[in-house]
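The hints should help you fit chain B onto chain A, whose structure is shown.
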Amino acid sequence: MTLSACGGGGDDSGASDTVRVTLVNHVWTENIRKALPEFEQQSGLKVEVTQLGEDQLSDQYNVKLNAGSDDIDVMMYRPLQEGRLFAKNGYLADLTDKAKENADFDFADFQDAPVSATTYEDKVVGIPIITEQQVLYYRKDLLEKSGFSAPPQTLDELKAQAIKIQADNPGVAGFVARTGKAAAVTQFSSFLYSFGGDFVDESGNSAVNSEAAKQAYAFYGGLLREQGPANISTDMSWSEAMAIFTQGQAAFYPEANSLYANATDPSKSRVAENVGFAPFPAGPAGSKPYNIPSWGLAINEASGNQTNAWKFIEWAAGKEQSLEQQKTGTPGARTSVFENPEATSTYPEDMAQAITVSLANGVGHDRPVVERVAQAREIVGQPIVDAITGRDAAASADTAHEAFQKFLDDEAR
Amino acid sequence: MPDTPGWARWANDHRKWLFAAPAMAFVAALIIFPLAWTMYLSLTDSSGSVRAESEFIGFRNYIDVLTDTDRFWPAVARTGAFTGVALLVEVVLGMAIALLLWRPFRGEKWVRVAILLPLVATPVAVGMMWRLIFDPNIGLANQALGWIGIGPQPWLAGQHTALPTTIFIDIWQWTPMVVLILLAGLTSLSDEPQEAAMIDGASAWQRFRHVTLPLLMPTVIVAVLLRGIDALKTFDILYATKGRGGGSFNEVETLNVYAYGLSFDYNEYGLSSTVLILFFLLIIALMWVLTARKKKEAGR
Chain A
0 MTLSACGGGG
10 DDSGASDTVR
20 VTLVNHVWTE
30 NIRKALPEFE
40 QQSGLKVEVT
50 QLGEDQLSDQ
60 YNVKLNAGSD
70 DIDVMMYRPL
80 QEGRLFAKNG
90 YLADLTDKAK
100 ENADFDFADF
110 QDAPVSATTY
120 EDKVVGIPII
130 TEQQVLYYRK
140 DLLEKSGFSA
150 PPQTLDELKA
160 QAIKIQADNP
170 GVAGFVARTG
180 KAAAVTQFSS
190 FLYSFGGDFV
200 DESGNSAVNS
210 EAAKQAYAFY
220 GGLLREQGPA
230 NISTDMSWSE
240 AMAIFTQGQA
250 AFYPEANSLY
260 ANATDPSKSR
270 VAENVGFAPF
280 PAGPAGSKPY
290 NIPSWGLAIN
300 EASGNQTNAW
310 KFIEWAAGKE
320 QSLEQQKTGT
330 PGARTSVFEN
340 PEATSTYPED
350 MAQAITVSLA
360 NGVGHDRPVV
370 ERVAQAREIV
380 GQPIVDAITG
390 RDAAASADTA
400 HEAFQKFLDD
410 EAR
Chain B
0 MPDTPGWARW
10 ANDHRKWLFA
20 APAMAFVAAL
30 IIFPLAWTMY
40 LSLTDSSGSV
50 RAESEFIGFR
60 NYIDVLTDTD
70 RFWPAVARTG
80 AFTGVALLVE
90 VVLGMAIALL
100 LWRPFRGEKW
110 VRVAILLPLV
120 ATPVAVGMMW
130 RLIFDPNIGL
140 ANQALGWIGI
150 GPQPWLAGQH
160 TALPTTIFID
170 IWQWTPMVVL
180 ILLAGLTSLS
190 DEPQEAAMID
200 GASAWQRFRH
210 VTLPLLMPTV
220 IVAVLLRGID
230 ALKTFDILYA
240 TKGRGGGSFN
250 EVETLNVYAY
260 GLSFDYNEYG
270 LSSTVLILFF
280 LLIIALMWVL
290 TARKKKEAGR
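Just so you know, the sequences run in chain order A and B. According to numbering that gives the first Met the number 0, the first sequence holds residues 0 to 412 in order. According to numbering that gives the first Met the number 0, the second sequence holds residues 0 to 299 in order.
For the record, the hints were derived by calculation from the structure and aren't laboratory data. Just to be clear, a hint being listed does not mean it is correct.
[Stated by the list, open to error] Just a sample of chain A residues kept apart from chain B, beta carbon distances all over 12 angstroms, derived:
#1 Ala34
#2 Asp103
#3 Ile162
[As the list claims (entries may be wrong)] Straight-line C-alpha distance at most 20 angstroms; calculated SDA-like pairs for lysine to any residue:
#4 A:Lys63 - B:Trp36
#5 A:Lys63 - B:Gly47
#6 B:Lys232 - B:Met176
#7 B:Lys295 - B:Met176
#8 A:Lys267 - B:Ile137
#9 A:Lys87 - B:Glu52
#10 A:Lys87 - A:Asp408
#11 A:Lys63 - B:Ser48
#12 A:Lys267 - A:Thr327
#13 A:Lys63 - B:Ser46
#14 A:Lys63 - B:Glu52
#15 B:Lys232 - B:Ile276
#16 A:Lys405 - B:Asp63
#17 B:Lys232 - B:Pro33
#18 A:Lys63 - B:Ala51
#19 A:Lys318 - A:Lys87
#20 B:Lys232 - B:Gly242
[As the list claims (entries may be wrong)] Simulated restraints on C-beta separations:
#21 B:Phe32 - A:Thr17: 28 to 38 angstroms
#22 A:Ala14 - B:Leu280: 41 to 51 angstroms
#23 A:Thr345 - B:Ile137: 26 to 36 angstroms
#24 A:Ala411 - B:Ala95: 55 to 65 angstroms
#25 A:Asp200 - B:Tyr39: 58 to 68 angstroms
#26 B:Ala22 - A:Thr17: 37 to 47 angstroms
#27 B:Ile137 - A:Ala66: 35 to 45 angstroms
#28 A:Thr17 - B:Pro21: 33 to 43 angstroms
#29 B:Arg14 - A:Ala14: 49 to 59 angstroms
Remember, it's a predicted structure, so these values are computed and weren't measured experimentally. Virtual Cβ for every residue (Gly too), placed ideally from N, Cα, C.
So that you can see chain A by itself, here it is in the shape it has in the complex (with noise of 0.2 angstroms):
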């Protein structure tokens, strides 16, 4: 691989031979951190990685970037999440140039959604590294002890086999999955799309409380309450329901694919050699998982070191780092991976089905697609956990529209 000079953009009033990069805890990180060594050698740089966890590295950009620091170089951010709120900050430099320049990076690769979800104003702010889309997970041994020959197809079929699944073994739930108000909105979502819906119309208005959203609501919700675990908390975020699941406590669990190696890892696992993966189930509108840029790399506009922070960017971000990650379970977003049998000979065979399903079908947003987004994922997250409690989930959703509209226009203006 041939790393180019970069003519023209990019501020190097600082430039210096050392790129700090901060990074979260992720499959992907672990597994870049082991490839550096190559990368320092190549390009004679020497990167310092700072990793954090999802909260404290939000926190930490929030303390930061407000502060105009420029000891960040590098920063691995969720397109959906910050994007819109760091672009129109000014947090985030202009790569456009820098993207489009290098025929080896070929900018043209990575997919439409992922790219458009980091591209503000037409600018390409952000580069993403990983997607995500959502599958379901299940128990083949509870499948098979109930008779049943196959994963549930449709959301009508998830639920009569989790009932069943759950009377034949006392103490292990039907149904698990994230129960926490802004947690759960995200999983939620395949849910909602499934049913018809989405969180905002055609016109830009909440739609939260239409009749396909309030059905949903209910379903997700009422499998939660009738088919969860006991004593089910409303807190739960992935690694609380994926606890469940591994413990062998759960039959079937909606979730990223980005975490599988959790499921059929047997030091994380009990239930490691039975875990099945299954394309998401269709509900009346079909099945409509979400498929996401879960995360993107992006330079910190007050960066005095942006040369090369993009070749950092160039080189982990670019093709041959792409496959290495894509063989080890944590999907891109570029095509030509994609297309290659090699990037998915690792998975397990259902699991590159199901993605394979997902990517057809996918939505691509997970969230509300604003820019006070944790604001907006309470707001349409209090019907799931309502309804989880066995509260009135379409009252609940009328109030939860009327804040979301509120919201929305506040934002508009």
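Then chain B, alone, in the frame of chain A:
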């Protein structure tokens, strides 16, 4: 002193200011400036980015916050409940334990070390540990209840049990500090009044009520002040057990957690500053009431 140069005379005349200057600069940089800046932000509509242009909007934020019965007032009530209950239990329990440990007994050192253990752990680690213990499905707490035939409890997961559970965690961690302070106070008391009371035939309770407690009062007030201020600003235990927003129903959202969320989740810097200024005023008012009361007691 006609030969003294002018600057030296000036320095001599103003020496009390000169010596105090470093401390004053320190206070100005680390306390007054941040406070003034927060005050300024609270009067603007700053949001999104602190560096973005913001408009001066007078007291509109204050009106918004003070009329907010969804998040602000419940947070005030929770802050009060958390502090009040935790403080009361910690002082009563701390006093009982301190009295038990007061007189020498065999193995005293070991007992003291064991009691102090919770104190040396980081609150975030403590929060995460209890979060595992109180997990409704795979936690130790419900298993232990099962052994004695009691059904599982929701603990941190329940909308109405979460706040009492976090109060319990605070009590578990911080009672030892109260014990430590009260024990220091007890061991410094002289024995004569106790002996005199004993000769007069006072019972153990009478001796405690009319001799030990009044003599120990200054120490108790110190313990209440230190723990009270600490409990008011509790954040780590709440964040580690229930996460952002204090849970899906904001069930443990105190003023601190609320202000944090406004800043870091909503990027509403103006509103967040307003909440913090109001919180600050509340604490000042509380301290003013306490000190006024203390003065009144002293004057009697």
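Hint check results:
Separation of Ala34 of chain A from chain B is adequate, the least Cβ-Cβ distance of about 32 angstroms exceeding the 12 angstroms criterion. Every Cβ of chain B is farther than 12 angstroms from the Cβ of Asp103 of chain A; the closest lies at roughly 35 angstroms, confirming the non-interface assignment. The Cβ of Ile162 of chain A lies farther than 12 angstroms from every Cβ of chain B, with a closest approach of about 19 angstroms, so its non-interface assignment holds. In summary, the hint linking Lys63 of chain A to Trp36 of chain B is supported, as the alpha carbons are separated by about 18 angstroms, within the 20 angstroms threshold.
Only pairs whose Cα atoms come within 20 angstroms are accepted, and Lys63 of chain A paired with Gly47 of chain B is accepted, the gap being roughly 14 angstroms. Straight-line distance between C-alpha atoms of Lys232 of chain B and Met176 of chain B comes to about 16 angstroms, which keeps the hinted pair within the 20 angstroms bound. Taking the CA atoms of Lys295 of chain B and Met176 of chain B, the gap is near 28 angstroms; set against the 20 angstroms cutoff, the hint is violated. As the CA atoms of Lys267 of chain A and Ile137 of chain B are separated by approximately 16 angstroms, the hinted pair is consistent with the 20 angstroms bound.
At roughly 12 angstroms between alpha-carbon atoms, Lys87 of chain A and Glu52 of chain B fall within 20 angstroms of each other, so this suggested pair holds. As the CA atoms of Lys87 of chain A and Asp408 of chain A are separated by approximately 18 angstroms, the hinted pair is consistent with the 20 angstroms bound. A threshold of 20 angstroms between alpha carbons decides the hint, and for Lys63 of chain A with Ser48 of chain B the separation of about 11 angstroms falls inside it, so the pair holds. Proximity of Lys267 of chain A to Thr327 of chain A is assessed by CA-CA distance (about 16 angstroms); at most 20 angstroms being required, the pair is judged to hold.
Between the alpha carbons of Lys63 of chain A and Ser46 of chain B the distance comes to roughly 16 angstroms, so the proposed pair stays at or under 20 angstroms and holds. Distance check on the hinted pair: Lys63 of chain A and Glu52 of chain B sit about 18 angstroms apart at the alpha-carbon level, within 20 angstroms; holds. At most 20 angstroms may separate the alpha-carbon atoms for a hinted pair to count; Lys232 of chain B and Ile276 of chain B meet this at roughly 13 angstroms. Simply put, Lys405 of chain A and Asp63 of chain B have alpha-carbon atoms about 15 angstroms apart, close enough for the 20 angstroms limit, and the pair holds.
Pair hint Lys232 of chain B plus Pro33 of chain B holds up; C-alpha atoms about 17 angstroms apart against a cutoff of 20 angstroms. For the suggested pair Lys63 of chain A and Ala51 of chain B, the alpha carbons sit about 14 angstroms apart, so the restraint of at most 20 angstroms is met. Using a Cα cut-off of 20 angstroms, the hinted pair Lys318 of chain A and Lys87 of chain A is violated, with the two alpha carbons roughly 29 angstroms apart. Proximity of Lys232 of chain B to Gly242 of chain B is assessed by CA-CA distance (about 16 angstroms); at most 20 angstroms being required, the pair is judged to hold.
For the pair Phe32 of chain B and Thr17 of chain A, the supplied restraint of 28 to 38 angstroms holds, since their beta-carbon distance comes to about 32 angstroms. For the pair Ala14 of chain A and Leu280 of chain B, the beta carbons lie near 48 angstroms from each other, so the given range of 41 to 51 angstroms is met. A C-beta distance of roughly 31 angstroms is found between Thr345 of chain A and Ile137 of chain B, which places it inside the suggested range of 26 to 36 angstroms. Taking 55 to 65 angstroms as the suggested C-beta distance range, the pair Ala411 of chain A and Ala95 of chain B conforms, at roughly 60 angstroms.
For Asp200 of chain A paired with Tyr39 of chain B, a C-beta distance near 40 angstroms fails the hint of 58 to 68 angstroms. Between Ala22 of chain B and Thr17 of chain A the CB atoms are about 39 angstroms apart, so this pair conforms to the stated range of 37 to 47 angstroms. Our hint of 35 to 45 angstroms for Ile137 of chain B and Ala66 of chain A holds, since their Cβ atoms are close to 41 angstroms apart. At about 36 angstroms, the CB distance of Thr17 of chain A to Pro21 of chain B agrees with the hint of 33 to 43 angstroms.
Between Arg14 of chain B and Ala14 of chain A, the C-beta spacing of about 50 angstroms keeps the proposed range 49 to 59 angstroms intact.
Hint compliance for this structure: hints 7, 19 and 25 are broken, all remaining hints hold.
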